[in-house]
Every structure is written in C-alpha cells, then in structure tokens.
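Engineer: Each chain, written out:
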Amino acid sequence: MVTASGRPALRVESLRKAYKDVVAVAGVDLAVWPGECFGLLGPNGAGKTTTIEICEGLLAPDAGVVEVLGLSWKTSARQLRQRLGVQLQDTQLSEKLTVEETVRLFRSFYHRGLGVEEVISIVELEEKRKARVGALSGGQRQRLAMACALVGDPELLFLDEPTTGLDPQARRQVWELVAELKRAGRTIILTTHYMEEAERLCDRVAIMDHGRIIALGTPAELIASIGGGHVVEFSVDGGGITLDPTELASLEGVRDVRQANGNFELRVNDLHRAVPSLLAAIAERRIPLSELRTHSATLEDVFVTLTGRHLRDE
Amino acid sequence: MNERTAVFDRPLKTSPLPFWERSLVQLTLVRFREFWREPEAIFWVFIFPILLAAGLGIAFRSRPAQALTVGVTHGSLATALRSDPGLSVRLVDPRTAENELRLGRIQVLVLPAAGGGVRFRYDDTNSEARTARLLAERALERAAGVRDAVPVVAEIVHEPGSRYIDFLVPGLLGMNLMGSGIWGVGFAIVDARRKKLLKRLVASPMSRAEYLLSFILSRLMLLLLEVTALVGFGALAFGVPLHGSLWQFGILCLLASLTFSALGLLIASRARTIEAASGLMNFVMLPMWVFSGVFFSYERFPEVFHPFIRALPLTAVIDALRASMLQGAGLEKLTPQMAVMGAWLGVSFFTALKLFRWR
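Line order of the protein sequences matches chains U and D.
Numbering follows the working numbering, with no gaps: position 37 of the first sequence is 37.
Just so we're on the same page, the working numbering is the position in the second sequence counted from 1, plus 314.
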C-alpha cells in the first residue's frame, strides 16, 4: 500500500492557467507520492489536460508552483525529460514507420532505458513488430504510445486519457498494463473521464470541474463522503400519473431523490428496506414499473452529488 | 510480479547506444523512411524532372536547318529564287495565294510589280518570314547580277551547350532543388505539427537542434541522388555538358538545397494545417517558376524588373548552375549569385528559428 512518505513525486500549488477568454485551471493544489497511481477525473473541459500538460512542461502556467521529482521546469527541463514518460492525448505517430522503428526512435532520445524488444513485449505488440503504424488498430496504437512513454524507464509516467475512444477489450488491455506498472512500483498520473477506470486503477483520485479540484481522496473515501450506500434507478410507465419526488424522499431508507430524463434516482442506505417500500408505493398507485436497477455508489455518483451533472453530460 | 514487467526490476542498460541507434542517426533514418515509403514523393523528385527534360528535349531538339518556303505566281521569278539552297519555292495559283500565306504554308508571297520590280507579302512579326524575305531578295538581286560588297565565309557550328536542352537541364535542376527543399522540409514539419507528433517529440528528451538537423542531413543525401539522376540523364540522353569542376558544381547544389530547405523551414514555422502550408508554398514558389528563368531566359522581361528577378533565390541558383555547367564558370565568378543564396539562407533560417512553433 502507498504511504505518504518522503518527497512527493509531483507537487502543484495554486496553479492557474487562462487562455484568451477561458480560465482552464483556476487554482489547483496537488501532491502525488512515489509509487502512487493518481487519477484526475472530470468531464471534458474540466482542465485536466491543461493541468497535466503544465506538469509535463509543455505549457507554462500563468501562476503557481510546479515541482516534478523535486525539480522545477525552469531550471531542470533537460534532466526532467530524461526521467519522465509521457503519453499525450491523440498523438498520431508516423504511419509509415513500423512499430519497432518507432520505439527505436524514442529509445534513442534517452541516456538509459529499456531494450526495444523488451518494451514491445511489455505492451504485447511482438507480433506487430514489423507492422506499419498505419496498419494498427486503435488499441494497438495506444499501446505503442505507451511503449514510447515507457522506453526511457520513467520514474514518473503521465497518461492523458489513455483509453478514450478504445473498445472495451482494448481498454481492458490498457488497464492491465497500467496495473502491472503499478505493481512494478512506477508512479503514474492519469486523466480520465471514465469513473470506472479511475476506481479500478487509481490509489487516489482528484475530481476536477471548471478548473478546480472539487474532491480529493481514495475512491473509497470519496464514495463514503457522499454517505456511500446504494443507488436505485427506476422509471415508470405512468400514463399521466406521476410520482411526487418529495413523497419518494420520505420513503423508508431514502436519503436523496433525483429526477432526470423521466428516470428517478434514489440514494439509499439499505437496499433491503428501501426497495420494498418503493415497490409498495408504486403498487399502491397501480403504475406499471418499466425499469428498476440498483448499484453500489460509484465515483460517478460522487460527481453527480457534487455538481448535479453527470460526468459524460455533453 | 508479472513476467512482462519484470524487466523494470533489472538493472538498466546505461551503456552508450551503438552508432546506428543514436538519436541523430535515428531521426535522419526516419526522414529517409518517410520519404522512400511515399511513392508520390519519389515520382515528383526523381521521375518527373526526368520526364520533363525528356519531353522538352525531344520537342525542342535542334533540327537540320529547314528550307523556308516562298510562293510565287510567275515561273520567271521561280527560277531566280531556286538558286538559293535555303529556299523552297512553290508555284501558286494567284487566286489561292493569299490563303496559302494565311495558313502558313508559304512564308512569303513574291509577286511581280510594275517596272520589273517585285512585291513581298509577309508577316513581319514572324521571324522565319523575315528571313525568307531577305533570302528571296538576295536571290533575286544576285540573279540580276549584283555582287556582294563584302566577301563572306559562313562556318556552321553545332556545339553541345548552346541548345535548348542545355539551357533547360540546369533550369529543371534548380526547380527540382527548390521543390524538394521547400516541400520536403515544409510538409514533413507541418504534418508532424498537425498530428501533434511534434508536441510528443518535444515532451521527450529529443534535442530540438538534432530534429532540425536531421532534415538537413537527409536532404543532403537525397540531393546527391537527385542531382545525379537529372544531370546523368541529361548527359547520357542529350549530351548535356558539365564543364565546371565537379566539386564546385556540388557546392552550388549544396548551397541551393540548404537555401530552399531554410525557406521550407520558414514556411513551416507556424502553419498548423497542410492547406495553410501549401498555400504559402505556392505563393512563394509560383513567382519563381515564372520569373526565374527555368524554361526561358528572364531577359525577356522588361529590364526594370531584372534586379528584382535576380534577387529571387531560384534565379540565383539557376544562373549559377547554368554558368557552372555550360560555361565552366568557377565559384569566384559566381559571387553575386552565391551571396543572394547565402542571404536567403541566413535570413530564412534565423527567422524560422525565432518563429518556430513546437506545439
């Protein structure tokens, strides 16, 4: 387990960055500890990529302190680049090169690092070694991008939306790879807008919205902060008769009611008490129930509770 | 611990990489691979200029001096005119004579005039017609007994180096160096920026100077092939000479290629899309294709424009290549052209470095 000891691998204080008329990052404080997998979770446009690109030394902040591996970008950029691994959002590697040629090119930039064949086998692209990048699938390209990030054996790895746009199987392969890197003791910072990804991979998560961190902690802590429990989602085919949210809120064991797109979402403490009383209330009104689902509270529910919006609301 | 990531726990290789795996070599190799794996690029750089040289060389080849055709309506004049071997004389019907002239089947129509004189009908903007008229006039005067006041001996010369193909090959070479320099460097950089590959490279410890240097190194190696292909073709197929010393000619090609690569770098220094870059490239290259004397001498433009035309990099390149290939001029005679190239090289390169957008 990760312990908060020694110097942080990344320390960010009161970070700010504005583009012409948009404030992308409005005061962010972070500390990521060695060996930790840290997630920046938030909807598109929350400021995750701007934050991570400042940490990668690609953007200059308007204000604030950024310290990576105890060093500052202003004085130690060359040294830092040798020690970091970076995977950017939607980089297109040259399509005319093969997998091996691409990895060899990136390897040539580092003073020390892994062997080209080793990295290719870590990301499971052995069979595609001689294939052109242009002929790879989305998942394979993403793993090649990971290989390029890993080839210098980085102490700190930045992954910006590593699974966005991948199919479920390809996503799972990337998750396995990140999990293995975690086990190998690498410090990883990743951004994502998939709460499942953050819950599965990250030791700690910062939830970002509108350029600010609105919650920070382990996934379990964050879920507990909204009271944990379960979420009951249902919809009814009422034919004009509707359910009164205040009445639902008064049902036994129900803490909170939300209504969205004709669906009801109840946050409940105990399923075994709330569900029977809900069903009884619906039966009493003779309204047909068209859908009923329950799940344990997730980071998505944390975000909904904090902002009133879903992560993937466009 | 998974077997695959076990490598992370082993001590790392820190020994210096072998020569072929070092970054400058790798970056240069990547440039080569990207070029060779693009069949269109090969066509435009190697095949197209040779096809153009072959086509134009054949179309404008020197033909044996052709007899000029004059038309006469009266047989008595025809006999006098036939005494000149440079004239081919046709008897024409007076009713169709004007039509023959209009269609260009005869260059001059010779008609008898009052008092034993003759009338010439021809178009004075047609140089062949003017020549035919002079020949016809001389033939008639000689037949009438006039003798040349100045004795003349004509010596016929067919020297390689003064034909159109000889003029053309250095022009095409200059045009090719411009195209491959500007396109080769410009497109590759803008494409890398558009794909955010440039940003990814900058996030790695890659040296930015080596990245730019790799373009120059790969250009220089391709240059050797490009120049050899076109000059070799010209020499083998048409006997186009290379009078200047080989190494001085090589230095001129090198300087030309560097100049155009720097221009390519400048054009690509900020553009984010291929469309923007190709617009800029055409804007830069089009005037030079027209003015710099690739296909015809810029002397044809009014004299007031000449200083501006000579200040264009392609004009300097082509003038220097022509002087070196056709007249064997040494570098010491080409200082003005080399100064123009050097100025463009320096200004473009340093401006490009100032403006360059790495993201």
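Just so you know, the hints here were simulated from the structure itself, not pulled from any lab data.
A quick note: this is a predicted structure, and the numbers were derived from the prediction, not measured.
A virtual CB, placed ideally from N, CA and C, is assigned to each residue, including glycine.
Hints are not guaranteed to be accurate.
Stated by the list, open to error - Reference listing, derived: stretches of chain D covered by chain U, where coverage requires no fewer than 3 residues with Cβ under 8 angstroms from a Cβ of chain U:
no., region
1, 332-345
2, 441-449
3, 509-515
Engineer: Now look at each hint and say whether the structure bears it out.
Structural biologist: Hint-by-hint comparison with the structure:
no.: 1; hint: 332-345; result: holds (count 8)
no.: 2; hint: 441-449; result: violated (count 0)
no.: 3; hint: 509-515; result: holds (count 5)
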